[in-house]
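In my numbering, the protein residues as written are 1 to 383.
Hint data in this document are derived by calculation from the structure and do not stem from the laboratory. It cannot be assumed that every hint is accurate.
Said to hold, decoys possible - DEER-style ranges, computed between Cβ atoms: (1) P111 <-> R192: 50 to 60 Å; (2) L41 <-> P90: 31 to 41 Å; (3) P336 <-> G295: 29 to 39 Å.
Idealized CB from N, CA, C, for every residue including glycine.
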Amino acid sequence: TWAVTNFARAGVVEGGAELVGLNHPHWWQYARRFGLDLDELSEEAERFEFQGKILGDKEAEALYEEGDEVLATLYPLAAPIDAIEPWNSPRAQELDHRSVGSWLDQHDISPRARAILKASIESDDVGSLDELSLLQMLALVKGGGLESFHTDSETHVCRQGTQALSLALARELEVVMGAVVEQVTIGPDACRVETRRGNFEGEQVVLTLPPPTWKAIDFRPALPAGLAPRLGPGIKYLADVEGKIANPTSLSDGPVAYTWGRSGAVVCFSGGPAASGVLAAGRASLDEYYLEQLGVRFPELATSLRSGRFMNWPAARYTGGAYSLGAIGEVTTFGPVLHHGLFDRLFFAGEHTSRAFTGFMEGALESGVRVADRLLALAGQDS
């Protein structure tokens, strides 16, 4: 999470994780506990840009209907899946080694519908259709409540910014800030974490860092060979604008996949291949680049843009990506280790360890509760 406060006239604008769903129970419970306000998103007509042209209302409506029919075929496939431990589901190995692209290819749909579905799925799941695991997608759909996954997963925003929850949890847990971890030793009777600000000892260690950062830590014993869940590329561009852009919600098959906004700000998000396309452009002036890319959707930006802020999560030192993409084969290979931990002393938490809510803040919260319950059980206490 990274809430950019006092951004122009818009107040809090999210530079990182943003959306909360009605089907995210832990987020709602913690919001009540810490007095955070979750505001429902207003329903605005979404603009579709296809091959550089804005679709008319009837074309957009037909596209919605065609896309919904395709997505509905996921529900019977997801129904028998164990969302929490999908590797225990029927045909788990087969589904984990099958791509989302192969599922989409089974459907006889218009090129336009396929392009828009491709853009949506690839940006949402920060990976290409050919590298995304179908088992992971089915676990997400099951975890979100089947049909509710597509209607209730992105319904609210936190008025104080999502980072308010992160900071509230940090205060409650007395998190030591600025202690860069250099070595983790898992012994037969105790564990030791060595940092630049001192050493810490305990009975267990919970590893919550994003997987790309693990290589910077000396684990003793070493983590299992090949244990490296992939994070996909995801980027945001926050535009400080004069006034409010009418109908800022859009989806495009171009590099800037999604936009949304409110008075004073437009947020642009690209994930997966779309994000890679933006990064590969290598433009010195990102403001000019985004104005070009958004010119068809929002020509008024040319005169209303004040400034922009680029959030490059793949380049961030302590993330190395946006969130996990659930690549082919990872659910059945990495999933059990990340879920159960190692040696009854090293446990994993974070959205990348939650199959039911991969890529969502809810996944991080769900995994934290899971590990806390496990630690209490090891200590002989009830959760």
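For this session: Could you tell me which of the hints above the structure violates, numbers in ascending order?
Result: 3
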